[in-house]
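Enquirer: Respectively, the protein sequence lines represent chains E and A.
Throughout the first sequence, residue numbering follows the working numbering, covering 1 to 459 in sequence.
Throughout the second sequence, residue numbering follows the working numbering, covering 460 to 613 in sequence.
Keep in mind the hints are simulated off the structure, nothing from the lab.
Backbone N, C-alpha and C fix where the C-beta goes; we use that ideal spot for every residue, glycine too.
Certain hints may be false.
[Unchecked claim] For lysine-lysine, the following DSS-like pairs were computed, each having C-alpha atoms within a straight-line distance of at most 25 Å:
(1) A:Lys518 - E:Lys134
(2) E:Lys387 - A:Lys602
(3) E:Lys232 - A:Lys537
(4) A:Lys592 - E:Lys300
(5) E:Lys83 - E:Lys71
(6) A:Lys518 - E:Lys159
(7) E:Lys71 - E:Lys57
[Stated by the list, open to error] Estimated spans, in silico, between C-beta atoms of each pair:
(8) A:Gly519 - E:Ser403: 45 to 53 Å
(9) E:Pro396 - A:Val495: 22 to 30 Å
(10) E:Leu382 - A:Asp554: 29 to 37 Å
(11) E:Ala313 - A:Ile465: 29 to 37 Å
(12) A:Glu509 - E:Glu278: 19 to 27 Å
(13) A:Gln589 - E:Asp357: 35 to 43 Å
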Amino acid sequence: MVRMMGHMDMMKAIAIIHIKPFTHGGNLKKMLCALFVFAAAGFLAEGKIFAQESLQKKIDQAEPGSTVIIKSGIYNEPITISKPLVIKGEGRIIFSSQSDESFITVEHTSHVVINHLSVEAEQDRNEMTAITVKDSSGIELSNIEITRFNQGVELFNVKDSTLDMLSIKGVRGHFSKKGNGISLFGTEGITVRDSEIDQVQDGLYIEEDEKSRVLDNLVTGSRYGIHLMYSKGVTAAGNTLKKNVTGLMLMMTNQTAIRDNRILLHTDYNGYGLVLFEGEAIVVKGNEISENAAGMSLQKIKNSEIVDNKIMANQTGVQFIHYDESNQMSGNELYGNILSAASDVRGAGVDGNEWDDYRGFDLDRDGFGDTPHQVKDLFSQLMINEKPYQFFFEAPSIVALTSLEKKLQVEEETGVRDERPVVNPAEDKEQGSFHFVFFLAGAAIFTGGVLGWRKIASS
Amino acid sequence: MEKNRIIMMIILGFMSIGTAGCGSADMSPRAIQPEVDTCEVCNMSIAHDEFAAQAVTEKGDHLMFDDIGCLVQYEGTKEIGAHYIKEHATNEWIDADKALYVYHKDFWTPMSYGVLAFTTREDAEAFIEQEGKGELLKAGDLKEHEWGVHSHEE
Chain E
1 MVRMMGHMDM MKAIAIIHIK PFTHGGNLKK MLCALFVFAA AGFLAEGKIF
51 AQESLQKKID QAEPGSTVII KSGIYNEPIT ISKPLVIKGE GRIIFSSQSD
101 ESFITVEHTS HVVINHLSVE AEQDRNEMTA ITVKDSSGIE LSNIEITRFN
151 QGVELFNVKD STLDMLSIKG VRGHFSKKGN GISLFGTEGI TVRDSEIDQV
201 QDGLYIEEDE KSRVLDNLVT GSRYGIHLMY SKGVTAAGNT LKKNVTGLML
251 MMTNQTAIRD NRILLHTDYN GYGLVLFEGE AIVVKGNEIS ENAAGMSLQK
301 IKNSEIVDNK IMANQTGVQF IHYDESNQMS GNELYGNILS AASDVRGAGV
351 DGNEWDDYRG FDLDRDGFGD TPHQVKDLFS QLMINEKPYQ FFFEAPSIVA
401 LTSLEKKLQV EEETGVRDER PVVNPAEDKE QGSFHFVFFL AGAAIFTGGV
451 LGWRKIASS
Chain A
460 MEKNRIIMMI ILGFMSIGTA GCGSADMSPR AIQPEVDTCE VCNMSIAHDE
510 FAAQAVTEKG DHLMFDDIGC LVQYEGTKEI GAHYIKEHAT NEWIDADKAL
560 YVYHKDFWTP MSYGVLAFTT REDAEAFIEQ EGKGELLKAG DLKEHEWGVH
610 SHEE
């Protein structure tokens, strides 16, 4: 066990002893004596930690499966765990180290549980990671609060482990100067859930992972909320990604499921709600994507499904870049977006989505518009290739040109085209319905009005 | 007389404006602006500028790449005027044609291509020795290099 007393604590203790004599008519001799004691205390407290027994030694001596408590205090000693143990925190822990080593490293083991830990890095500008796990399995991290570390938790080649209810808050500053909240490298079967991450580079950075699940987390104030690279079979569900540069970034992933997430308020110059880049067999279903610079950007993806999402109040709803015919985009609701869709010159064919800017009719009442919905906007095509053009978005001259373009529009294959735009069946039903109560009320008002008018006219 | 003078001044004015745009494009590299610069190929923001690459088109437009692999992909499709890469040790721009490269699947780069740039052969070889792994590549080898992603360890 390590017993510690910080510099400030010691100063306070000495001040309590010496302030009293001064207030009772102390003289210069006493003051000088007190100053000497203060100076001596300062030298003694320089190391901040008074180790009676090393925490590492206690871990080394613990029986496999037993519990080790890390008590509140300032620690400058990184620890390594390489056998099954339960590590439990008690109170607030400050990690003060000059090296870049992680506070806790778990390696080459299984069944390590770390919980109820609240750990803070002593200084903002550091390269330290709070917890690193390497080449292990069956690891459980829960109820852990990490603040001011460069990186929160890193997992390398770890299998079948759980990260539950972590709270990670990075340092203030530009994302390029920080590390990630949670990083998974070469992992498999990891579950990250109910965690909150703020002010880091990427909230969750996942590379070369298989079958991990990211559930019900909140990521804010970072570069990417969730950043997936070269991974397979990952599920991200029920997460809220808010006010990052981009909510969800998927690059070269396969068989990824993105379900029931809320992705909102990504309004930076490079802001996107969701970017899918060069992936295959991705399912994006039931998400709410709102108030982003671009809600969703689909770039060079194949054999993927984008279904039943609500894409609303974005500057551009969906961008299609190198869109492949093998994808299926249907059942989505796009409303309140300034520009519902934009594509590169290749265009995109989709089917059965609801567009609030569709101006056609459903005269045969089959629930689908009688004519295709066509979005072709030359300015939006330019904006995809040249991002600075977004500063002219909705400028009067651009609005005038776009209006003219719509008036002169002829059906063609380029642009975004929905062959069967959904016409809201609820609204359609309302148009032809008869409400007897409203009819009676209307008739009564009309009759009353006529009678009243006749009475006024005759008087 | 006064009228001719004014006309001459107007013509000269237009000529000077016209010729102002005819200067040769600046082909030198520019600093990365992490707030706005994104990779031209993969769209990722450039958060790790020590691995970045840059191409300058003949018109003088600067295009940024987060990883040398993305620059090589881009060069396969379009003509460029000059290209630069960040030197691994110093984080300074160097001419991509004159650089030497070290590849190993375990070297982390933003797109996991694992290729790092060095100014001199001595630096590159010293790095290989220090890391205990790595393959030395010349600029000419990059087009033939297999740019697939390779699993890497920590």
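Enquirer: Starting from Lys83 (chain E), check that the Cα of Lys71 (chain E) is at most 25 Å away, please.
Expert: holds (20 Å)
Enquirer: With a cut-off of 25 Å on the C-alpha distance, tell me whether Lys518 (chain A) and Lys159 (chain E) pass.
Expert: violated (51 Å)
Enquirer: Lying within 22 to 30 Å: is that true of the beta-carbon distance Pro396 (chain E) to Val495 (chain A)?
Expert: Check passed, 25 Å falls within 22 to 30 Å.
Enquirer: Is the Cα-Cα distance between Lys387 (chain E) and Lys602 (chain A) 25 Å or less?
Expert: violated (29 Å)
Enquirer: Is it true that the CA of Lys592 (chain A) sits at most 25 Å from the CA of Lys300 (chain E)?
Expert: violated (34 Å)
Enquirer: Does Lys134 (chain E) lie within 25 Å of Lys518 (chain A) when you go C-alpha to C-alpha?
Expert: Distance ~49 Å between Lys518 (chain A) and Lys134 (chain E) Cα, so the pair is violated.
Enquirer: Compare the distance between the alpha carbons of Lys71 (chain E) and Lys57 (chain E) with 25 Å, and conclude whether the hinted pair is satisfied.
Expert: Answer holds: Lys71 (chain E) to Lys57 (chain E) is near 15 Å, not above 25 Å.
Enquirer: Is Lys232 (chain E) close enough to Lys537 (chain A), meaning Cα to Cα at most 25 Å?
Expert: Not satisfied, since the Cα-Cα distance of roughly 32 Å exceeds 25 Å.
Enquirer: Is it true that Ala313 (chain E) and Ile465 (chain A) lie within 29 to 37 Å of each other by Cβ?
Expert: violated (55 Å)
Enquirer: Holds or violated: 29 to 37 Å for the Cβ distance of Leu382 (chain E) and Asp554 (chain A)?
Expert: With Cβ atoms ~33 Å apart, the hint holds.
Enquirer: Tell me if the beta carbons of Glu509 (chain A) and Glu278 (chain E) are separated by a distance inside 19 to 27 Å.
Expert: For Glu509 (chain A) and Glu278 (chain E) the Cβ distance comes to about 24 Å; the hint holds.
Enquirer: Gln589 (chain A) and Asp357 (chain E), beta-carbon distance inside 35 to 43 Å?
Expert: violated (59 Å)
In this structure, the earlier hints numbered 1, 2, 3, 4, 6, 8, 11, 13 are contradicted, and the remaining ones agree with it.
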